[in-house]
Amino acid sequence: MKKWQYVMVTSMATSALLLGACGGEQSNNNSSSETSSNAAEQLQGSISGDGSSTVAPIVEGIVEEYAATQRNVQVAVGVSGTGGGFEKFINGEIDFSNASRPIKDEEAAKLKEKGIDYTQFEIAYDGISIVVHKDNDWLQDVTTKELEEIWVDNGQKKKWSDIRKGWPDEYIKFYSPGTDSGTYDYFVNDVLEEQQLDKSATLSEDDNVLVKGVEADKYAIGYFGFAYYEANKERLKAVKVNGVEPTHDTIQSGDYTPLSRPLYMYANNESLKEPAMYDFMQYTLEHAGDLAESVGYVRSPEGVYEEDMKKLEAFKPE
Amino acid sequence: MTYIHEKAIALQTKKRRFRNTFFQVLFTSATILSLIILVVLLYRMVTQGSGYLSLDFLQQFSSRFPEKAGVYAGLIGSIAMLAIVAPVAVSFGVGAAIYLEEYAKKNRVTSFIQMNISNLAGVPSIVFGLLGLTIFVRMLGMGKSVLAAALTMSLLILPVIIVAAQEAIRSVPTSLREASYGMGATKWQTIYKVVLPAALPGILTGSILGLSRAIGETAPLVVIGIPVIIQFLPDGIFSEFTALPMLIFDWAKRPQEEFQYVAAAGILVLMTLLILMNSIAVWIRHKFQHRY
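Here the protein sequences come in this chain order: R and A. Each residue of the first sequence is one higher than the one before, starting from -6 at the first, in the working numbering. Each residue of the second sequence is one higher than the one before, starting from 14 at the first, in the working numbering.
Just so you know, these hints were derived from the structure itself, not from any lab. These figures come from a predicted structure and were not determined experimentally. For each residue, glycine too, the CB sits at the ideal point set by N, CA and C. Mixed in with the good hints there might be a few duds.
Taking CB as the label site, the calculated pair distances span [unchecked claim]:
#1 R:Gln149 - A:Glu180: 34 to 44 Å
#2 R:Tyr164 - A:Val52: 32 to 42 Å
#3 A:Ala265 - R:Thr250: 29 to 39 Å
#4 A:Ala43 - R:Lys158: 47 to 57 Å
#5 R:Pro251 - A:Glu271: 43 to 53 Å
#6 A:Ile148 - R:Lys158: 58 to 68 Å
#7 A:Gln302 - R:Gln35: 27 to 37 Å
#8 R:Lys205 - A:Val52: 17 to 27 Å
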C-alpha cells in the first residue's frame, strides 16, 4: 500500500520543482547584434500589446532588440489582427495596439466611452501588393477602376474575360485577408470604396494561406502586405497598379497609389506615463525605420518619426 | 435421398470463406492506412524539422531570423502552465469522481450530472477558450496570465479526468470495500486506504492523458489572446507567457519558407514531450496495475 503514496509524493515533488524552475532563472540568451548606447539605467516593468499581423514582423524585431537592452522590461505582444487588437485595446487589456489602418470612428468612440486616451504613432510604410500566379501572362498592369471591377461583388461569378477583352475565359479565384485584418479594411475602404468584396473570395487571417492559394491556381488573384510578397517573390508575380510596380522606392515616394499606406502603433496614454513603456516607445521610434526596412517594409517619409517623438515627449516621466 | 448436398455445401463454404478473407483484408488495410498516415506525418516533420533541432533551439527565444528562433519561452511556458493544470485538474477531477461513485445516490439528479459531464467532454475546445476569456481573463481580471490559461485548460480536461477516474474507481471490486467495512472501517477510511490505492493506476493514466491534451491544445490559447512575441520567461502565476503550440502556430503563419521548418522543429519538441508523457502513463499502468 505504500507504492501509491510514493507515486503521489514523487509527482507532487516534480510539479513543485517545475514551478520553481520557471521562476528562477532569467536567461541571458538574447540573440542581439546591436545594443543601445544609452542603456545605463535598467528599468523594470511589463508591457503588453496586440494587433495586426502585418505590423507583427516589425514589432517582433523591436521587441527582440529591445530585450537585449532592457532585460527586466517584459514585453509581450500577440498577433490577433488589427480589429482584434483594437478590441483588446478598448477593453484596457493592452498598453499598445498595432494597426495596419487608422483607427475607425466607432473604435475611437468606444475608447472615449471607456475614458481611454490614446496616441497614434506612425512607424512604417507598406504597399499592399496585388499578386497573381507566376504563369499569369495577361495581367501585367491594372488600373484602380479595373481592380474595383475585379474585386467588387456583382452577384455573379466573374470571368477574366468579363474584365477586359482578350483575357482568358476562366473564372477568377479570389484570395483576401480576413475581415479582422487591417489590410482587408484598407483595401475595401480605399480601393473598393466600401463596396462588398466578392463573396466567393477565400478569406484567411493567415497570409501564408493566401500565398499558397495564389501559387497553386493560374487564374487566382490575391493581395497582402509588401513584406509577404518580398518573402515570396520567387513564387508569385506582383501586378503593376496604374503603371507603377510595388517596390521599396515607389512605396516610399508615394507613387504606388492608392495602395501605399502607413502602419501604426496606438498607445494608451496612461501607460505611456510609465517609465518602462515610455522607454520602449522611445526605442521603437528610434529603430522602427531600420527594422521595418530589414523585414521588407519601408521607412516612413522624413519627419514622421521626429513628429512622433514630439508627441511622445509630452508623456516624459519625471 | 441424400443427406449431404455436396454442391450446396461447397457453394456455402466458398461464400463463407470469401467473407472471412474479405473482412480480414478490410480491417488489416484500415490499420495499415492509419499507420501509413502516421509514418508520413512523422517523416515530413522529421525531415523538415530536424535541421533546425539543436540544443540551442531549446534555449533560445523566438526570433525574426529563422536560424536564431527557438522554443525556450514556449517550452518553459507550457511546463509552467502544466504545473498549475496538474494539481488543479487532478484534485478536482478525482474529487468529483469519488463523490459521484462513492457518495452520490443513484437518482435522477446524479444521472443528469453524469450525462452532462460526458457531454462536456465532447465540447469543442474553442468554447472553453471563450469561457476562459470571459471569466478568467476579463471578469476575474487575471489577464493573459499563466494562471488564466491554466485554469481554462483545467476546465477543458476536467471531464476527461472525471470520466477516467470514475471508471477506475468503479473497477475496484465491491468485495474489497465490503471487506473493509467488515473490519469496521469508516467510509472515508475505506475510500482513502482501499479504493483509492486500488484505483490509482487508472486515475493516473487518465490524468496524464488529459494533461497531454492540455499541453497540445491551441484553440483556447488563441481565443484568450496569449502573446507570441515574447523575450522573457514567466516569473509568476500572473506573468504573461507563451506556449509551445502558440509558437508553432505563429511560425507556420510566417511568410519566409524557413519558418515552416522552424515550425516543424517546434512540432518535434512538442511531440517528444507528448510521447514522453504518454509513455509515463503506459509505464504506470503496467507497473502498478493489480488484478482482482
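Verification of the hints:
1. One distance hint, 34 to 44 Å for the beta-carbon pair Gln149 of chain R and Glu180 of chain A, is violated here, with the actual separation near 57 Å.
2. A C-beta distance of roughly 38 Å is found between Tyr164 of chain R and Val52 of chain A, which places it inside the suggested range of 32 to 42 Å.
3. Restraint check, Ala265 of chain A to Thr250 of chain R: a C-beta distance of roughly 33 Å satisfies the suggested window 29 to 39 Å.
4. Distance hint check: the CB atoms of Ala43 of chain A and Lys158 of chain R are about 54 Å apart, consistent with the given range 47 to 57 Å.
5. For Pro251 of chain R and Glu271 of chain A, the Cβ-Cβ distance of about 33 Å falls outside the hinted range of 43 to 53 Å, so the restraint is violated.
6. Taken as a hint, the range 58 to 68 Å holds for the pair Ile148 of chain A and Lys158 of chain R, whose Cβ atoms sit roughly 59 Å apart.
7. A hinted range of 27 to 37 Å is violated for the C-beta pair Gln302 of chain A and Gln35 of chain R, which are about 55 Å apart.
8. Between Lys205 of chain R and Val52 of chain A the C-beta distance comes to about 24 Å, which sits within the given range of 17 to 27 Å.
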